[in-house]
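Novice: Residues per chain are reported as follows:
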Amino acid sequence: MSEAQAPPSPDSQAGNSFTEGDLPRSPGSLVWRRLRRHKPAVASFAVVGALAAACMAAPLIAPYPFDAIDLGAIRQVPSLTHWMGTDDLGRDLFTRILFGGRVSILIGIFSAIIGTGLGSLIGAVSGFYGGRVDNLLMRFTDVVYSIPTLPLLIVLSSYSQAVVASMALIIGLLSWMPTARVVRGEVLAIKERAYVEAARSLGARNLRIIFKHILPNAMGPIVVGATLAVGNAIILESSLSFLGLGVQPPIPTWGNMLMDAQATMATKPWLTIFPGLAILLVVLSVNFMGDGLQDALDPTARQDLP
Amino acid sequence: MTPVLNVRNLVTRFHTEEGVVHAVNGISYSVEAGETLAIVGESGSGKTVSALSIMGLLRDPPGRVEGGEAILAGRDLLGLSPAEWRKVRGRKMAMIFQDPMTSLNPVLSIGYQLTEALRRHLKSTGSEASARAEEMLTLVGIPNPRARLSDHPHQLSGGQRQRVMIAMALSCNPSVLIADEPTTALDVTIQAQIVDLVEGLQNRLGMAIIWITHDLALVAGLAHKVAVMYAGHIVEEAPVGEIYGRPKHPYTQGLLRSMPKLYGARRERLDSIQGQPPDLRRPFHHCPFAPRCPHVEEPCRGKRPDLQPVSPGHAVACWRWEELAGESKLGDAP
Chain A
1 MSEAQAPPSP DSQAGNSFTE GDLPRSPGSL VWRRLRRHKP AVASFAVVGA LAAACMAAPL
61 IAPYPFDAID LGAIRQVPSL THWMGTDDLG RDLFTRILFG GRVSILIGIF SAIIGTGLGS
121 LIGAVSGFYG GRVDNLLMRF TDVVYSIPTL PLLIVLSSYS QAVVASMALI IGLLSWMPTA
181 RVVRGEVLAI KERAYVEAAR SLGARNLRII FKHILPNAMG PIVVGATLAV GNAIILESSL
241 SFLGLGVQPP IPTWGNMLMD AQATMATKPW LTIFPGLAIL LVVLSVNFMG DGLQDALDPT
301 ARQDLP
Chain B
1001 MTPVLNVRNL VTRFHTEEGV VHAVNGISYS VEAGETLAIV GESGSGKTVS ALSIMGLLRD
1061 PPGRVEGGEA ILAGRDLLGL SPAEWRKVRG RKMAMIFQDP MTSLNPVLSI GYQLTEALRR
1121 HLKSTGSEAS ARAEEMLTLV GIPNPRARLS DHPHQLSGGQ RQRVMIAMAL SCNPSVLIAD
1181 EPTTALDVTI QAQIVDLVEG LQNRLGMAII WITHDLALVA GLAHKVAVMY AGHIVEEAPV
1241 GEIYGRPKHP YTQGLLRSMP KLYGARRERL DSIQGQPPDL RRPFHHCPFA PRCPHVEEPC
1301 RGKRPDLQPV SPGHAVACWR WEELAGESKL GDAP
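Sequences listed follow chains A and B, in order. Take 1 as the starting number for the first sequence in the numbering used here and just add one per residue. Take 1001 as the starting number for the second sequence in the numbering used here and just add one per residue.
It cannot be assumed that every hint is accurate.
Straight line, CA to CA, 27 Å or less: simulated BS3-like cross-link-like pairs of lysine-lysine [stated by the list, open to error]:
#1 1123(B) with 1087(B)
#2 212(A) with 1123(B)
#3 212(A) with 1087(B)
Here are a few chain B residues that sit away from chain A, every Cβ distance over 12 Å (derived from the structure) [stated by the list, open to error]:
#4 1061
#5 1083
#6 1130
Bear in mind the hints are in silico, worked out from the structure with no lab data behind them. Where a beta carbon is used, it is the ideal one built from N, C-alpha and C, also for glycine.
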C-alpha cells in the first residue's frame, strides 16, 4: 500500500511536504493510516475476517451437513475426504469447525456489543454526573466485579435455554465492568475539556453532550475494550460448552467439540487439536487487533502523524 | 438607552474543602446594545467567574451564585431553571473562550459544530442550517466556507479556529456576547485580526459585548467602557478615555504603569505592583487593595470603600481618590 498519492512537488521539504491530497480528511482516516502500519493487527484482521467469512458461509462451503453421522467412518485421521478427520460418530470435523465457529463468533460479537454498550452507558453516566450517582454506580460495579463469573454463568445457563441469544446476553451482562471503569475515567477527563464547556455555552443538553461530545472522544478505549471482549467471550463460551452447559449438541461449538474429544485426547489428538487451534487462532488474532487499535487510536501516539 | 444586560450586586462563592472562597463580591455593571464593556483584572480577580455566573455555567459544587441579579430582556437570569437557562445560552447570550485549540471538539466536523446551536434553538433543518453555517463562516472571514464545513478542527489554524468559535457563538444572533480572553492564546498579528473582526461584527449585528481580558493595551482600541476588577470587586469603572487619561484608583494607575511604553527611556525597568493578590477565603472589611497600595492610610484599613462617582460614567472605590488627585499625577507617584 503506497502512502503517497500525490507526486512530490519540486520544492517539497521534509516535514513540510504535504499537499492538499495528503491531508487527512477525518480522525477516522488517521486511525486507519496508523492501523495499517501495525503488521500483526493487519494480519489478524485478515485471519479473523477470513475465518468469520468461512464460518458464516458454512452452509454453502462445508463439504458435509454438520450432523451427518457416518458410522462406517468414525474417528478417521485427517485425509483428503475428511480434511480434519472425523469424530466419534463419523461426523466431518472440518464441517463442524465451520459450523461451531458460527456459534462461537456470533456469541463473541453479540456479547461484546451488549457488554460494551452497557459498560459505556454506565461509565458515561457515572463519570458525567459524578457525586452520588457516580458512587452508587461504581459500588454496583465493584459488587458485580467481585462475583466469580464462571460459577454464576453455570447457574444462569442451567436455568436458561442454552441458545446463542441467551448465552450472548448472559456473557454480556457479566462482562461490562471493565468497560464501565475505563469509560468513567475517560469521561471524567473529557468533561473538563474546553469544547464541552463551549457546547454547554451554546445551550446543549446533558444527553447531547454525553453522546455527541464526550463518548465519541472516548471511542478509542471503547473500541479496544470491545475487541478484547470478543476474545474473552469466545473463551467463556468455550468453557461453558466444555462443561456441557453451553449450546447443546448436536449443534457444534468449539467448546463442546473439545468436550467430546476429552476421552480420546491421547489416542485421537486431531479431535482436540483442531477445535483448540480454532479458538487459539481467533482469540490471539482478536487480541492483536485490540493491540493495533490501541496504538492507532491512542491520541498520545502522535509521533507518526503525517 | 436601556441596557441589554444589567448585572446588580452579583455575589459568587466557592465552597471548597479549604473554606469559602469569595470570588465575586457584589459587582454591578450593565451593557447596551452595540456597546463593549471590558472587564480588566489580573488572574483570580473574578473576571471569568462573574461571566460564568451570568451564563449559568458555574460548576455547582463548588461554585454557587449567592446573590444579586442579572437582568436580560426584563428577566432575571439567576432565577432560571436549568432548562430555561439552556434556552438562553447560545440564543440570547453566547460566549467565546480563551483557547481556540481546545474549544472545538476534535471528532466533529466544523459544519456539525456550527449548526448545533441553530438546530437546537431555531429548529433549523439540514440544508437550511448548513446554508446559515456557510453564511456565518463567510461573515467571520473564512475563505472557501463550503469546503470548510466538512473539515475537522485539526485542519484549521488557531486563528481560523477562533473565527469558527466566533461564528458558532453568533450563529443564533445573540444580544450579548461574552468574550473570555479570546485573543490570549493567539499571536499578536492574529489578535489584531480577531479584534477587528469582532468590532466589525458588532457594527453589523449590534450585539453588546463583554470582553474579559488582562491586556489593557487591547482594551484601548476596543472597549467603550472599562471595569477594573480586583479581588472580586470592581474598583474602578469608567469610559475608556477616562481610564487611560484620568485613572483614579491606585490599582488602575499601577496597572497602567506596568504596561510597556512605545516611547521613552529604553533601559527603564517596567513598574510592577508590589505584593501578592489577597487570599479570597476571608471577606474584606477593609479596602482589598490596601496591603499593596502605595498610598495606604488609616481609613483604608478600617472600612471597605464603595464605588463613588467621580464624573458621569466614572466611579472609583477608594477613600483617598480626591486627595490623591490633588497631590499626584499619573507617572510621578512613588
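Novice: To test your reading of the hints: which numbers does this structure violate?
Specialist: 4, 5
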